[in-house]
Structures are given as C-alpha cells and as structure tokens.
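Each of the two chains sits in its own frame; use the hints to bring them together as a complex.
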Amino acid sequence: MIGSLALLAILAAPPEAPPSVATTEDDCTLRWRVDVVDEDTGEPVPGATVEIQPSDQAPRRYQTNDAGTLLVRRLCPGPMRVSVSKSDHASSSETVELDMPETLSVVGLPALHDHHSEHVILIHDEGQSTVGSSEALAGADLAKTRGQGLADAISTMSGVTTLRGTAGGMAKPVIRGQVGRRNLIIFDGIRHEGQKWGLDHAPEIDPNAAGRITVVKGAATTRFGPDAIGGVVLVDPRPMLRSPGVAGEVSLLGMSNALGGGGAFRIDHAPARAPGLSWRVEGNIARHRAVVTPDYPLDNTGALTWNAGGRVGYLSEHVDIIAGYRLLRTQAGICSCLRVSTNEEFQIGIARSVPPEVDLYSTEFAIERPRQEVWHHLAHAHARVGLGEAGELHLIYAYQFNDRSEFESVRSNITGPQIELRLGTHRGELHYEHVAVDLGWGWALVGTLGGEVNYQVNAFDSANTLIPDYRQWSGGAFAVERFVGEQIEFEFGARYEGLGRTGLLSERDFLGQRAGGRLDESACTRDADGGAECQQQFHTPSASAGLIAHPSRKVPELNLRLDLNSSARIPAIDESYMNGAAPSFPILGLGDSHLGVERTWGAATGIGYGGDWLELELAAYTNYIDDYIYFTPEPQEGQCAPLSCTTRGPFPVFVFRPVDALFVGGELRFDLRAPRLPLELSGDAAWVRAWDLSPGETYLTYVPADRYGLHGRWLWPDTKVSSRGYLEIGGTFVDRQRRYDVEADFAEPPPAYVILEAGAGVEFPTDEVLMRLSLRGTNLLNQRYREYTSLLRYFADEPGWGVQLRFAVEFSAGIGSEGSST
Amino acid sequence: MHFKKALGVFFLTVCAATGCVTGDDDHDDHDHDDDGDHDHETEVISRVELTFTPTGGGDAVTAAFSDPDGDGGTSGTSEPIELTAGTEYELTITLTNDLEDPPVDITEEIREEAEEHQIFIADDALLLTTAYADLESDYGSNTVDEDLPVGLVQTVTAETAGTGNFRVILRHLPELNDSPQKTAGLEEDFAAGTALPGDVDVDVSFELTVI
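Residue numbers (our numbering), protein chains in the order written: chain A, -13 to 808; chain B, -11 to 199.
Excised from the complex, chain B in its bound form (with noise of 0.2 Å):
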C-alpha cells in the first residue's frame, strides 16, 4: 500500500485498533501484486502435458496445452495427439503451473490430495478404450470412502483409426458438509452426461488421431 506520510499517523491509528494490513510505503517501487513473484496462495494450473508411452516399447508420444498468459485474454493452444491404431499406451499426465518461476509442479499436490480429486477423458469419435490405472492408495494411505481411481496414469488403448477430440478434465472434488463429493461411478456418469459435483480445474481439449 501506498500512503503520503504526511497522513501516515492517521492511517497508522486505524490500522493500531484493528491490526489491518501494511506494506511497503514507497511510490516509487511498483509492486506489481500480481505478477506472481512471491509466495501467495496459488491454485492456477496454466499447463496439461499427456505422455503416451506404449506399454510394448517405442517412442512416447507427448502433447502439451498451455495458456501462457493464465486467465488473461489471449488463448491458450493445445497440440495435437497422433496414436497408432492397435497399440496401447500407458497415459500419464502432468499439470504446472508455469506462472510462477521456477514453475510450481501441481501434479504433485494432486497425489497428495488423491481423494479429492479425478481425472476424466473423453474421446468423442470413440477412438480409444480408456481405463484408470491408479488409485488412491498408490498415492498414500486411502482414509475416506472407497479406493477410487484418480487418473493421473491411464491405459489408453487406440483401437479405430480417424480423427477426434480428445479432452482432459481434472475434477476438484471436496468433502462437502463432512461427506465426500468423490464417490464411485462418477466416470459412469460423467460418460452419460450428468453434471458432477466439484469444480473444475482443468478441462482441455486436443485433436487427436489414430493412424
């Protein structure tokens, strides 16, 4: 914050009664609050990159989305997903945030939280077979409900050659009022189209395509 001195005293005997927040009283040194360069709470994913490693050896293949400017105005690109039709891959996927220097690994802070969150993958043009290929306690000791899946690793199996969509959404899923929104079938629902409990904090989307 910025304040004249000349009043600093008043400001000074309001903040005295009620313990209210101060800063730097400088005109000259631009805090720009919001360009991330000290420690605040974060929860901004601003990169998605899928690793397709086929089980029967051979080169991964990777692709990335990224939104380089966060929420801001320009949009984010994803890369394209090339697959070979009859092959099956083990899919793994990490999330950063690149926002911050040095990049903040959130993956990371997703297996800690395992219980709370899920990835779902759809594939509209029905290309692949997906199965989850971790779960809960792989990433600490399952405490709540059922040991459901998590999806940071997947088994991807491209069966059809074509082109298609294929998205990533990572659900944020919190107990609510003490019982928990992650509960088992929600991939069943979110194939049937239901709106699930929770938040989003990724849903991204790339061309994918079996040759």
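Same shape as in the complex, but just chain A (with noise of 0.2 Å):
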C-alpha cells in the first residue's frame, strides 16, 4: 500500500503569491496544512503523529487535532520530508515543496484494522479511545520484533515481562503480573486454544502474520470472555487488499545468538478483472541453533519454526466474506540442564549455579530429546455485512486443531513421543455493531452485542496420568455499550458465559483422585471400563463500568481513564483435574474438581497525554481476587511426609486451592521529544505487588519483578533516499523480587541485574517500494543472570550477547483503472 500513501499537495495559494527564492529569515512565513484521513473509509485520523522536517532544520513532531488537521506556521520554503504515524494504521512518508504562503496537503493512512462501516464507531478499538489501558506494536516497532516469538515482541510494553520455559525461544506473555491462563490471546478475532495450562507451552501464534499487535491490559472479561483477567492480545492480520493492486512483504532475519535466521513473505493480490475479490498468501521459516549465555550454551535448545496460511475473500462496501487456513509447526529442544534429578541435587544445582555436565554442551542445531513439536491448525470464516442505517453483523467460525507431543529423555529402545495432547475447538462468533444513536444535548450512544459458542475435544496420551481427556460446551452472550458525550465517555458492559465440561477419567485415575478427596464424586457416573465421566457445570456474570474524560478543554491532549470491573473465572481443565508429575519439575500437581468460579473485583485509572513534544501513559490498578486458584504445596502423609513417595524419589506435592489474593501495581511510560533536537528519550517502569491474603501467608509465587527501561534516541536526518533513521541505546533494569514466599518455590529469586541494549534502522520509501533495514543488539555486556520469571532459572543462564540483522521489503502497486497508486 506504499504507493497508495501518495500525499496530494495542493494549491491553495493566491495566484498573485510572489514565487519565494531565497531563504532568509523573512522568507520564513509560509503555512502548511494537513489533512489525514482514513483511506479505507475518508474519515478524519485524529491524533495522528506528523513528523515534518524542513531542508536544513532539525525534525519536529506534531499531532493532528479531533478534526485529524493539523496547521504548521513558520516555515521557510524548499522541500520538506513529512512522515505521518497512526498506531491502527500504515504509516506514510512524502516530500511536499514549500513555495506558496499556504500549502494544502493530503494524507490517506491506509488501515491496519478491519474495514467497518462509517456508521459505526469502534469501542474496543486501540488508543486513546479505551476505558482501559492498552499498547500497540504495529509499523516499524513491529518489524523490529521479526523473528521472535509472541511474548518477545511484546515485552517491549510497559506492564508486560515474559514467562520463559526452557526450550529454545518459547515464551509466555505475563501481563499485569498474570499468566497462562489468565490472559487471552486473540488472533483474527479468534480465541487461541492451545495446552495454555503448561508453565512451558508458549502459545502457538505466529507474530510474522501480525499487521498490528495490541494489548489491553486489565480486565476485559466482558467484551473477549473468561481468562481475559491479566489482559488480552490480539494479534490482528494486515486488512486484506480493498482495491485492485498487489502489495505485499519479503523479510530476511539473522541472528548471533542463538544463530540462525529466517525468512518470511507475504502477498495479497486484488484482481482488476474480478472486482471485490481479494486473497493472500503467505508463510515464514526459521531455525536456529542453541543459545549460549556467556559461559557456557544451554545444550539442545535449537529450534525449527514454520508457518503457511492463505485466504481469500470477497470485500464489497457492504459485505466481506474471508476464508483462510493456518498452519504452525514448532519443533524446540528443551535444554538439557533441565533434567530430573534428586531433590539434593537440585538444590546442589540451584547453589553451584552451572549445570553438572556443562564440560560436555555444544550449540549444535541438531534437536534432541527432550523437546516438543507442535502442529496448529487454524481454520477460519469471517463474514461482514452492512445493516445500512441499523449497523452491522460480524460472523466467525472458526476450527482449531492443537497437535502437541513431548518427548522426553529415555531409554534409546523408546522412539516415541511421551505425552501427546490434541485439543480440538470450533468456535462460532456473532456480534453486531449498532450505528451510533443520537440521545441529544450532545450524547451520542454507540455499542456492540454478541453471542459465542465453543465445543472443545481434548485427548490425553500417555503412560502416566496427568490431564484427563475431556470435552465441553461454553458460550457466551454480552454487549458493551457507551455514552460518548463532548468531553466525556462512560462504557457499561455485562457478560452471561456458561461452561459444561465432561471429564473422561481412567480407573487410575478416578481412584487416585477419589482417594485423594479431590474429586466431586457425585459428579462422577463410572463407566464399564471401571474409569468414570465427571461432569462440572458452571454459570457466571460478568460486568463492567468506565468511563474516559477529557477534562480541559484547553488540553485536549490530557485524557482520564477508570474502569471498574467484576469479573469471572472458570477453572480450567488442569485446576480440576490434574493428576501427575508436572512437566519438567519434580513435584506432583493435584486439581480439585470442587473448585468454584475465581472472581476478580478490579479498578483500574490511567492519566494519558499525548503532547507534540511529550506522551505519556500512567496506570495504576487493583484487583481482588475471590477464590483466587492458586497452584500451593500441600504437606502429605506417609512415609515420605511431608513428601510423596513415587520411583524417582520423595516429591513435595502441589494443589490447586481457592485462597484470597489481592494483586496491586501500575505502569508509567513516556516518550519525549527535544523540541528541536532530533534526540528523544523513551522510558518505562512497571510494577506489580501481589499477596496471598490467607492467614500466615504472604506473597505469590512467579510475580514478576519490579522493571525499568530508559532509552536513548538519535534520529538521523532524512535523506534523498532514506527516512526515518535511529540510532538508540538503552537499558533495562529488572530489580530482585524481593517479595517471595519461599516455601512456594524451588529457590530464592535472582539478584538484580542491569542488560544494555543498541539498534539502529533506516527506512528507503519509494513510491511502491519500502525497505527496512535496523541492527539490534542485546545483552551488550554479556551480563550473566536469571530471571525471576524463567523456568530456566533453577538449571542454568539466560542468554549472552547478540545481535539480529532484519531486512524487509514492502511493496504495493494498483493495477487496473481503480488503481490506489497515486
């Protein structure tokens, strides 16, 4: 869509304007001003980020007013580079010649979300706009993040660290302090459904296909359903081609450590000859070998990653009807310092700090056992279409297939895997957008209702037991509505989600968790096979109330947020019914089937200004959580009390109990511009406080600790050929958690450490042609330490210094007599 990013320069001087040659002081009168727009809809960008530099002047940055206008004074003729960002659209860069008193520019962004009717106004869409407090990669910030895996790309935002497992680059996004479970990720629209309940299963979504990853974080049960306690991410797709052209991206990625590389491509293609036909293809491979940290490499944790998918799609004004399929397929070594070994030696290995065998690690790309290949099929529908005057109807369904296999460290006679899970979901989604309603005295009510329905297969393999196999039915029916007055916005949701669930438990089972008092038996109808059906029902409301004010007129750059939430959780499938040796640690983990519904009763307030030289974003939260499942040890009987014998020695045992938690923290991150200068500086902290309000108790476990990144900007001035040119530097300090309950844990948390950081990249646009190229590098001074919040901390290292290299290319061209290209 490069080429569609065509600004329009337009006359709109007096003719009798004298031509301006020189450029002297006096010369320096001319105005300039833009309108940006929409492409896809027309509609006005507000708080759009105009960047201009005129010749010979260091580069200055403003934001388009409600209006998405912006007017410039002052400015000497010649020609001037403008660059216009949106963090919801592609950005576009351009030369405008500067010879009249008044130049008239404008600038069509091309959308990075979904196409909607004029008629309707988004509420859960990115920006100032939401009650909650959310953050966007899209752009060039994204492209930076090519190559990592989901968590990794977003770390970058303020209130999100990562859950780090021990394979090669697998990683959980935490978000406010809440993992796995309780936060939701939403590709395309669609819920993933993935194991999410394993520490060491990230989740299975390809970045590469993100035109534009958002978090909202906090609560937002009642718009995206359970589980969105900690926050949501959506990853959502480039929009697909509206008009005839062909566009699309070729990347390329190496890396140093681990070392490896990648490629990805995209195409889209909208053929002049079948108008409102659209399709895309695209895919990406990368293979690394294993990481090394700065003393020694963590063995086998090499990894081989690949995705394809395509769709096709009919997009009219009026209707849009997209098919498409996915395909993931992850192969990752998990490092061979985690190993089982007696409790002594783990606590030897956790006081030695370097694994026993590290004489014998190599980085080879091989892929040994352990490790785990996952395949992830997503099949999807999306259909659109436009209610004219009463708004519009938005339709997925949606087929999932999660394949995963782990296979662990055994006897050589043994070529299989060990545990292999497959979870199938269909899931059909309808919601509809009413128009905006028009209630006078300046009120304007504008909202979203909508329905969902899951059905979910899971099935368990393995020798020993640890997840029953299962299938439920879920469903959900809500509406989000929202009072946008002049210079205040209130928003009420509420949510109806009902959950049925039936637990296939074997003999062993049964009767373990039956004799454990874990198990609701009167639940349970046994089965000939003498294993038992276990049903659970749950039914729950959720509802939400905020509201966003702008409360001075004269800074309309200053907005207010709260948002007060009351939300509801269903155990899932492991909280009920676990029953078995969690992966990759030596303790055993026991559900409890009588677990109720967690509910979280949440406030959260923000203060966000987005000035021309200053933005800024601060949140503070509290959530309490009722019945908060926590995951403790539970001292046991026998002869190994307070451990559980079992043939690979004593294990402490863990279980799922309600307990009452209280979590608490805030975020701050700013972005400040020299006026003048092409220097910026960019900051952030976050910190998350969380108790386990039970008599005697203190902290929770696995919270991350507290953060804080300052970093350093340089912006090169533009060029004939090149854009939008930094050179950075920076550091994040991750300070010791110092608030832990140790007998929570295998080991006291890591000390505090500091890791610098650098990058550098240019943009060459060209009409239909944008290429990037940036260098990054991380862990600068080859800094030895662990994170809190990695599972990897008990055996070994993180990483050591290393560098990426990415390259991409993007281009778009129109074809045909309806060409986008100007």
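Derived by calculation from the structure, the hints in this document are not laboratory data. Check the hints yourself; a few may be wrong.
[Unchecked claim] Cβ-Cβ distance ranges computed for the label pairs, FRET-style:
#: 1; chain 1: B; residue 1: Asp89; chain 2: A; residue 2: Thr684; range: 43 to 49 Å
#: 2; chain 1: A; residue 1: Ser242; chain 2: B; residue 2: Thr151; range: 55 to 61 Å
#: 3; chain 1: B; residue 1: Thr148; chain 2: A; residue 2: Val340; range: 36 to 42 Å
#: 4; chain 1: B; residue 1: Thr151; chain 2: A; residue 2: Thr684; range: 36 to 42 Å
#: 5; chain 1: B; residue 1: Glu76; chain 2: A; residue 2: Ser339; range: 39 to 45 Å
#: 6; chain 1: B; residue 1: Asp89; chain 2: A; residue 2: Leu766; range: 54 to 60 Å
#: 7; chain 1: B; residue 1: Asp93; chain 2: A; residue 2: Gly503; range: 33 to 39 Å
#: 8; chain 1: B; residue 1: Val132; chain 2: A; residue 2: Gly402; range: 21 to 27 Å
#: 9; chain 1: B; residue 1: Val132; chain 2: A; residue 2: Leu766; range: 40 to 46 Å
#: 10; chain 1: B; residue 1: Glu78; chain 2: A; residue 2: Gly503; range: 39 to 45 Å
#: 11; chain 1: B; residue 1: Pro42; chain 2: A; residue 2: Ser398; range: 35 to 41 Å
On a predicted model such as this, the values are computed, not experimentally measured, just so you know. Backbone N, C-alpha and C define an ideal beta-carbon position, used for all residues, glycine too.
Written as structure tokens, this is what we have:
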C-alpha cells in the first residue's frame, strides 16, 4: 500500500503570491496545512503523529487535532520531508515542496484494522479511546520484533513481561503479573486455543502474520470472555486489499545468538478483472541452533519453526466474506540442563549455579530429546454484513486443532513421544455493532452486542496420568455500550458465560483422585472400564463500568480513564483434574474438581497525555481476587511425609487451592522529544505487588519483579533516499523480587540485573516499495543473569550478547483503472 | 479425537493438507487414552524389587517399593529390609511397570542399555558394605568406553547391627553430544555428594534393620 500512501499537495494559495527563492528569515512565513484521513473510509484521523523536517532544520513533531487536521506556521520555502503515523494505520512518508504562502496536503493512511461501516464507532479499538490501558505495535516498531516469539515481541510494552520456558525461544506473556490461563490471546478475532495450562507451553501464534499487535492491559472479560483477567493480546493481520492491486512483503532475519536465521513473505492480490476478490498467501521459516549464555551453551535449545497460511475473500462496501487456513509447526529442543535429578541434586544445582555436565554442552543445530513438537491448525471464516442504518453484523467460525507431542529423555529403544495432547476447538461468534444513536444534548450511544459458542475436545495420551480427556461446551453473550459526550464517555458492559465439561477419567486416575478427596464424586458416573465420566457446570456473569474524560478544553491531549469490573473466570481443566508430575519439574500437581468460579473485583485508572513533545501514560490498578485458584505445596502423610514417595524419589505435592489474593500495580511510559533537536528519550516502568491473603501467608510466586527501562534515540536526518533513521541505546534494570514465599518455590529469587541494548535502523521509501533495515544488539555487556519469571533460572543462565539483522521489503502497486497508487 | 460429523469435512480438508493424526469419531466410546491399555511408548517404573540371597545359603530376603498409581497423588510405599549381621548377600534388583497389563519387565530393558544406566546404593547409617557384582559386558557387548559396573547385581555384606535407610538410585546416563555421561568413578562422586549427570529413573528408600 506504499504507493497509495501518496500525499497530495494541493495548491491553495492566491495566484498573485510572489514566488520565493531566497531562504532568509524573512521568507520563513509560509504555512502548511495537512488533513490526515483514513484511506479506507475517508474519515479524519485525529491524534496522528506528523513529523516534519524542513530543509536544513531539525525534525519536529506534531499531532493532528480532533478533525484530523494540523496547521504549521513559520516555515521556510523549499522541500520538506513529512512522515505521518498512527498506531492502527500504516505510516506514510513523502516530500512536500513549500513555495506558496499556504500549502494544503491530504494524507491518506491505509488502515491496519478491519473495514467497518462509517456508521459504526468501534469501542474496543486501540488508542486513547479505550477506558482501559492499552498499547500497540505496528509498522516499524513491529518490524523490529520480526523473528521473535509473540511473548518477546510484546515484552517491550510496560506491564508486559515473559514467563520463559526451557525450550528454545519459548515464552508466554505475563500481563500485569498474570500468566497463562489468566490472559487471552486473540488472533484475527479468534480466541487462541492451546494447552495453555503448561508453564512451558508457548502460545502457538505466528507474530509474522500480524500487521498490528495490541495489548489491552487489565480485565476485559465482558467483551472478550473469561480468562481476560490480566489482559488481552490482540494479534490482527493486515487487512486484505480492498481495491485492485498487488502488495506484499519479503523479509530476512539473521541472528548471532542463537545463531540462525529465517525468512518470511506475504503476497496480497486483488485482481482488477474480478472486483471485490482478494487473496493472500504467506509463509515463513526460522531455524536456529542452541542459545549461548556468557559462559556456556544451553545445550539442545535449537528450534525450527515454520508457518504457512492463505486466505481468500470477497470484499465490498456492504459485505465482506473471508475464509482462510493457517498451519504452524514448531520443533523446539528443551535445554539438557533441565533434568530430573534427586532433590539434593536439585538444591546442589541451584547453589552451584552451573549445570553439572556443562563440559559436554554444545551449540549444535540438532534438536534432540527432550523436545516439544507442535502442529497448530487454524481454519477460519469471517463475514461482515452491513445493515445500512442499523449497523453491522460480524460472524466468525473457526476450527483449531492443536497437536502437541513431548519427547522426554528416555531409553533408546523408545522412539515415540511420552506425552501427546490433541485439542480440537470449534468456535462460532456473532456480534452486532449498532450505529451511533443520537441521544440529544450532545450525547450519542454506540455499542456492540454479541454471542459465541465453543465446543472443545481434548485427548491426552501418556503412560502416566496428568490431564484427563475431556469434552466441553461453552457459550457467552455480551453487551458493551458507550455513552459518548463531548468531554466524557461512559462505558457499561455485561456478560453471561456458561460452560459444561465432561472429564473422562481412567480407572487409575479416578481411584487416585477419589482417594485424595479431590474429586466431586457425586458428579461422576462410573463406566464399564472402571473409569468415570465426571460432569462440571458453571454459569457466571461479569460486568464492567468505565469512563474516559478529557477534563480540559484547553488541553485536549490530556485524558483520564477509570475502569471498574467484576470478572469471572471458570476453572481450567488442570485446575479441576490435574493428577500427575508436572512436566519438567520434580513435583506432583493435583487439581480439585470442587473448585468454583474465581471472581476478580478490579479497579484501574490511568492518565494519558499525547502532546507534541511529550507522550505519557500512567496507569494504576488493584485487583482483589476472591477464590483465586493458586498452586501451593501441601504436606503429605505416608512414608515420605511431608513429601510423597514416587519411584523417582520423594516429590513435593502442589495442589490447586482457592485463596483470596490481592494484586496492586502500576505502569509508567513516556516518550520525550526535544523540541527542534533530533533526540528522543523514552522510558517505562512497571510494578506489581501480589499477596496471598490467607492467614499466615505472604506473597504470591512468579510475580514479575520491578522493571525499569530507559532508551535514548538520535534521529538522523532524512536524506533523498532514506527516512526515519535512528540510533538507539538503552538499558533495562530488573530488580530482585524481594517479595516472595520461599515455601512455595524451589529457590530464592535471582539477584537484580541490568542489561544493555542498542539498535539502529533506517527506511528507504519509494512510491511503491519500502525497504527497512535494522540492526539490534541485545545484552551487549554479556551480563550473566537469571530471570525470576524464567523456568530456566533453577538450572542455567539466560542468553549472553547477540545481534540481529533484519531486512524487509514491502511493496504495493495498484492495477487497472481503479489503481490506488497515485 | 471426536468431531461433529457435520463438521468433519472441514477437518478432513485440514488433515488432507497436513497429514495430522486422526482417531475414532465416536462420542460414546470413552477412549481413556491415559490408562495405558494400548501400545504407547512408556518409560514408567512403578515397582522396584530387591532380593537379598545369602551367598552361604539360606532364605532370601525380599523387599519391594511400589507406587501403584504411578505419578498420581497417592504416595508409594516400601517394605522394610531385615538383614543379619556378618552375612554376605547377593542383591538382585528387578524393575517392573505394573501399570500395564500384563506388567512390563523394565530390568530387561536396562540390561539391553547397560552402557547408559547405573544403579547407586546409599546406606546412610553405614551398616553395610556394598560392591558391584556385574559389568556392562555381562549383558551384551561393551562398545563405549570402559567396561563399567551396572548394579543390577551387587554384593552386600551386613557388617553392623542397627537401623538405617537403604536407598536405591537408578541413573539414566545417555550419551550427550556423542560423549558418554557414564564414566568411571561416578559411584565415588555419588558417595561424596556431588551432583551426578543424567536423569533419575529410580530413587526409592527402604527402612533397613541389621540384626
């Protein structure tokens, strides 16, 4: 779409204006006015960032007003580089020739969100219009993360960290201190379904497919469903071409640690001969060998990942129909340092801080046992139907099949996997966005109503018990309405969620769980094999109320937000029925089918300021969680008391237990731009405190430590061929987690650390092609450190220094009579 | 796997493209896949049996550790061992997976992979002397490194009367990056309390009385 980023300079000056030649101070009286519009709908884009660089002057930055317009005075004659960006749109760069007293430009930004009727106002879009706190990555910022996993790609956002597994490149996002089952990942409007209960099961999402990644921080259950307690990650692919043309992207990545590389491509095509038809094919592959810490390699952490996908659609003003299919494949070695040892050795290993057989470790590419292999299939169909003055209807059907195999280190006569998990999920969703209703006195009502239904079947296959087979139905209905006034908007949401689950327990599983008193036996029916079918049913409501205010007419860049919610989360399968050794750890984990709904009572507030030289976001929240389902150690009776005897040694037993918990936290993010100097300073900080409120208890485990980041950036001047060049250096300080419960963990938290990183990048734009080149160095001081929220911390260090080089070419061209390129 | 037949076509399309695993299509057939009643790749040891046969003749002493629910929440139990001071025994160790029906003899598998396994014994009250009474070459040709002990057969002499704890550890020591992890002297490292390489396949303890 680069060609269509055309910036139309329209002469709007009186004809008798004298042509300016000299550029003395007296000549610098010109004015430039720009209107920024959404190329798709033609609507104005308020809050777009406009960077201008008049010839021989430092770049300056402004924002468009509510009408999407900006006026800059006192400009000198000559060429001026202009780049316009907005987080949910592709950015645009062009040169404007200033030679008239007033020059008017119109910039059309291609949308990075789905097409919507102009009658509909989106409620849960990203940006300053949400009552909750959110942050998005798109364009050049997203391109800088290409080749990283989803969790790493978004970990630059304040309040977002990663829970790192022990396999190559695998991590789960942690949002506001919540991980796994308390976060929701939505890919292309479809809730991702994988084995999210496993701490070392990274989400099977391909970040290369994203045109934009948004993180909604804080509970958003009324709109997105249960599990959205910590936050929601919205991974949105680029919209398909709506007018005849060809567009695409080819990118290459090379990295030094872990040594490897990859490539990706995307092709979009909308043929001129078949108006409305649009299709896309995309794919990527990445391969790397084992990661290296400052002192030794993390043996067997090589990985291979590839993705392929395609979609085809018919797109028109009133109806869009899109169907597609994606496939993800991952093979990831698990660090040899992670092994089942005796309890004493586990403690020795922690004290020694170096794995015992480290001399044998290598950086080789081969992916040996132990390893994980995953296939993830996603077949989807979307429809958008415009209902004219009534609004718009969206329908989604999706089928996901998650096929996970885990290969442990076993005797060599065994060739297959030790654990196989296959999860199939059908999902249907219907939502209706009604048009803005004029309520009079300057108030309007906008909103969305919707419903969804899911059917899920899980098959677990292993010699030991862990998670039973199950099948479940779930469904929800919601309404989110917003009263929009001039300076204040109120939002109210409500949701009902129901779930019926049948756990299919084998005889050994059933007898073991019954003996432990953790099974609601009255809900179970024995079958002929001696096993049992155990039923669970949950019905629960959630509600939210929020407001966003622009308190001062004089400072429209300032906004205040407040959000109150009561959010229900239904216990996951492991919380109800886990019965076995947690993979990778010398503990036994036990669920409890008596557990009920976990309810969060949350309050969040935020202040945002988006001015010409300062952008600031400050957010604070508190969540009281009633019957928070917590995994805690429980003393056992028997020969190995307080542990439980197994053939692999005495293991501590952890059970899921309802406790009352309190989470309090905050985030700060700022971006400071020196007026008239090409320098930027950005910083972020995040704090979370989490308590187990049970008598005699203290802090919850795996809560991220305090984190502070500071980055300085020099923006080098645009040249005839390059733009948006930068040089950046920054550091992240992560404090030691001082608030922990040593009883509920295996080791004390690791010490505080500082890591240094640097990067440089530049873009080469032309009408139809945009090239991006960036170089990034991580952990440049080769600092040895361990991360509190990394499972690796019990066994080995985190990676040492490395550099990544990224090169991408985006191209687009209009074709036929309706070509969008100008 | 179970799928609605009406939606089966969609699923078949997906599988045709990728060759993913399919299974039965019937809701009412409870396939409790985790009950071990099929040919799955198992690695489980649920029973460890010790047989102490006096070398001078007499009745053998047996003791077993058993965890009949595998890694389930019910604790395993071990039987006490009672030996007579001044007696030399031949200890044989057998390992079984009796979660399967019929039970699988894991000892045989350990013999076949003798070069990757070693058993270590700890007697915390120092009532016994123990010595390996087998070598890798007893179970097949020794191809890697030295001919090291395995420990499925040991000579145990009860020296001093008293009570203590008898611990048996089976270590899986596969080659790592083409270098053997099973090397000479691991038993000394173990006795000295050094962390050993490899994984723990068995770590069970018995009450020991020497009279």
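Exercise. Failing hints, ascending?
Worked result: none
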